[in-house]
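Asks: Listed below are the residues making up each chain.
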Amino acid sequence: MEEHIVVFGATSAIANAYLRKKAVEGHKLTLVARNKDKLDEVASDLRSRGASSVRAYELDMLDTESYENIIQSIFSQEVNIVLVAFGTLPDQKRCFEDISYAIKHINLNALATVSVCTLVAQKLKNLQNVTLAVITSVAGDRGKKSNYFYGASKAFVSTFLAGLRNDLYDSGVHVVDLKLGFVDTPMTQNFPKGFLWTSAEKVAHGIDNAIRSKKDIAYVPFFWRWIMFVIKMIPERIFKRMSM
Amino acid sequence: MRETVTGWGLYPSIKAIQYSPTSSDEVIDCIKSQKKLISRGFGRSYGDSALFSTVLNSKHRDFILDFDTKEHLIKVCAGISIAELLPILVSKGYFLPVVPGTKYITIGGAVACDIHGKNHHSEGTFTKHVKSLTLVDSDGKKITCSRDQNSQLFYATCGGMGLTGYIDEVVFDLKQIKSSKISMSSHKAKNLSELYDLFERYKQSTYSVAWIDCLAKGKKMGRGVFMEGEHNKLSNDLSYHPKKKLIHMPMMPTWFLNTLFVKMFNFFYFHKQFPKIVYKEIDIDPFFFPLDAVSRWNRMYGKKGFTQYQCVLPDPSREGMEIILKTISESSMGSFLAVLKRFGPANKNFLSFPIEGYTLALDFKLSDKVFALLKKLDEITLQYNGRVYLTKDVRLSKEDFEKMYLDGLKNFRRMRSTYGRKFHSIQSERLGL
Ligand SMILES: Cc1cc2nc3c(=O)[nH]c(=O)nc-3n(C[C@H](O)[C@H](O)[C@H](O)COP(=O)(O)OP(=O)(O)OC[C@H]3O[C@@H](n4cnc5c(N)ncnc54)[C@H](O)[C@@H]3O)c2cc1C
Ligand SMILES: NC(=O)c1ccc[n+]([C@@H]2O[C@H](COP(=O)([O-])OP(=O)(O)OC[C@H]3O[C@@H](n4cnc5c(N)ncnc54)[C@H](OP(=O)(O)O)[C@@H]3O)[C@@H](O)[C@H]2O)c1
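Chains as they are written, first to last, in the numbering used here: chain S, 1 to 244; chain D, 245 to 677.
Certain hints may be false.
Unchecked claim - In silico BS3-like pairs for lysine-lysine, Cα to Cα no more than 27 angstroms straight-line:
| hint | chain 1 | residue 1 | chain 2 | residue 2 |
| --- | --- | --- | --- | --- |
| 1 | S | K123 | S | K28 |
| 2 | D | K613 | S | K240 |
| 3 | S | K193 | D | K419 |
| 4 | S | K36 | D | K386 |
| 5 | D | K314 | D | K280 |
| 6 | S | K21 | D | K386 |
Because the hints were derived from the structure by calculation, they are not lab data.
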């Protein structure tokens, strides 16, 4: 069955890998992203790969004023799946030293994300058999010195999603929190890669599975559930001395 | 961040900073901000042509910009690979006009090396089918070129080893196919002269190639298996389900591939086919990309790495080829199967490798003795007016290179000094390109 899939942050490497998979299956795609040139390339690419139709909207997610019009326009058609994928990985040290830099990233990763989720949820509430999927991170499971500004923003979103899932349960909206581990993408270009790292294609596969099997919280790849289980078990009085 | 990078031959291994832009604006910014750099695709060239201390990696520039099923054309960003394109093309009844022996290469690499396939004698090199391309030059300027527009730059860039600029977009013709199956036949040949006869007899076949046991000596010298094939024209089966790679090659100790092992392998390879001629219908992958079944097979030669020697001798090439094979078999320097192919006429590109004649390619585990042997092979190649393929090379001397590529070199250097000042590879510095 053809589905209409809407992606916020459609030029992200991970979202793009998911979209390519869905394009090959022939679905109808709506893309929202901030960079027009990239958006045009991604849209042509998905058309060439077999998407039944592709619509694209240019939107900087920090421009919250413009959300409503675009969401109104997107939801003039029936929607089946919404994926929220945009995000940034700010430099931790700089966040600590420069609060306006930190706020900008918190605005995007936390506030913009829950704002768009809220507006989308208002629409999805009235539809049947719909999914709201949001990419967060294992970094949100426990604050640690290497990235707690980023981690806290993701935790904010995860907690919000748990509430939203609970709230929308009766309307039948499926809300899935996609907690990703380390993925080799432009965002992590400057990180040395080890055995825990995965490709965007593999993660896209995990995202697709989590959406189709109606998971509530999905760790992608799955083994992060166990890694984070162990990390969360470490008593704080020990954890605070550790370097992670 | 500096990381270790190598070519497919694992030698040399260097530390480099890699940039992987996601948009053409980022490509431009990257080139403007660097003094010297080289473009890189999947790093399947064997030697040092995609190596430099700063690398511009095309991996995030992998979009299909237009797939025109009316004109049978496709426009892509150069970082897309053949492996990524194949399922999309085959399901719609298309194939790439030319493919090499692996599908894990980018279109940028295919253009920069002007690659050839098993169909060079019938359909030419990859760039013969390229309509136009967009290059970002050393000033960060985007230039579109084709045979009609900026043609000198086009001829310098096709086969130009990434030295005229970063290739960002490529438009090329697609080949229409009726089926994803290949109808092929394979023939055992007792020696080189039988192989040459088979190439002559099957010169109408679209695809042909031969594997040679290059350790066989005397009367058996040049014994091998000749294969030819066509896209099946009768069935309408466009299914394409490439196997996920099952076998991973671990890094082997350097002594692993010794002469005895290779001798046994070549012996079994030759004798595994019992009858003299076999006809088969096979899938795309086993016909075109048999080596891809083992991922990272380059680690079989061990950490010190290996190289591939590929030369072409213009017609008539029999005598020269015999001397080359004799020199190799007498040296007993373990190498796996060698590949022999027929080439059709050369094209107008300044540095493209193919010229009408026969080409031989074979792998060598690296050692000082091998370098000496390859130097000897260069001399024989030159004596027969042939040349060596830069895509596979890691050790050719500047003098020999200049003799081999004399015809196009002046034009190439002129274009390179205008557009490609910033682009340097370890190879280009070694060869004074
Ligand atoms: C198993 C195997 C079989 C092969 N069989 C064949 C064969 O049958 N015929 C044949 O011709 N070749 C063959 N090759 C060689 C291969 O086709 C070439 O090396 C090809 O160029 C590899 O593409 P790549 O994307 O890996 O390029 P790389 O190895 O990354 O780069 C090769 C060259 O292209 C340049 N380049 C790459 N991308 C760009 C770009 N975007 N802009 C400008 N320059 C660029 C680089 O600077 C470098 O000079 C084979 C290789 C292997 C490993
Ligand atoms: N990579 C990992 O290891 C990892 C791990 C856990 C979670 N994640 C999460 O996965 C998601 C996707 O990241 P990725 O790895 O695919 O990285 P990516 O390719 O860098 O994608 C990030 C995307 O966010 C977009 N973006 C940034 N600021 C924006 C803004 N103001 N308005 C609109 N879009 C904006 C970027 O747009 P442009 O294309 O225009 O720059 C980019 O497309 C993110 O939420 C990230 O936090 C990633």
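Asks: If you draw a straight line from the CA of S:K36 to the CA of D:K386, is it 27 angstroms or shorter?
Replies: holds (18 angstroms)
Asks: Would the pair S:K123 and S:K28 pass a check requiring their Cα atoms to be no farther apart than 27 angstroms?
Replies: holds (18 angstroms)
Asks: With the threshold set at 27 angstroms, check whether the alpha-carbon distance from S:K193 to D:K419 stays at or below it.
Replies: violated (39 angstroms)
Asks: Is it true that the CA of S:K21 sits at most 27 angstroms from the CA of D:K386?
Replies: violated (31 angstroms)
Asks: Keeping to a limit of 27 angstroms between CA atoms, is the pair of D:K314 and D:K280 held or broken?
Replies: violated (41 angstroms)
Asks: Would the pair D:K613 and S:K240 pass a check requiring their Cα atoms to be no farther apart than 27 angstroms?
Replies: With a Cα-Cα distance of about 58 angstroms, the restraint between D:K613 and S:K240 is violated, given a limit of 27 angstroms.
Hint violations for this structure: numbers 2, 3, 5, 6, all remaining hints satisfied.
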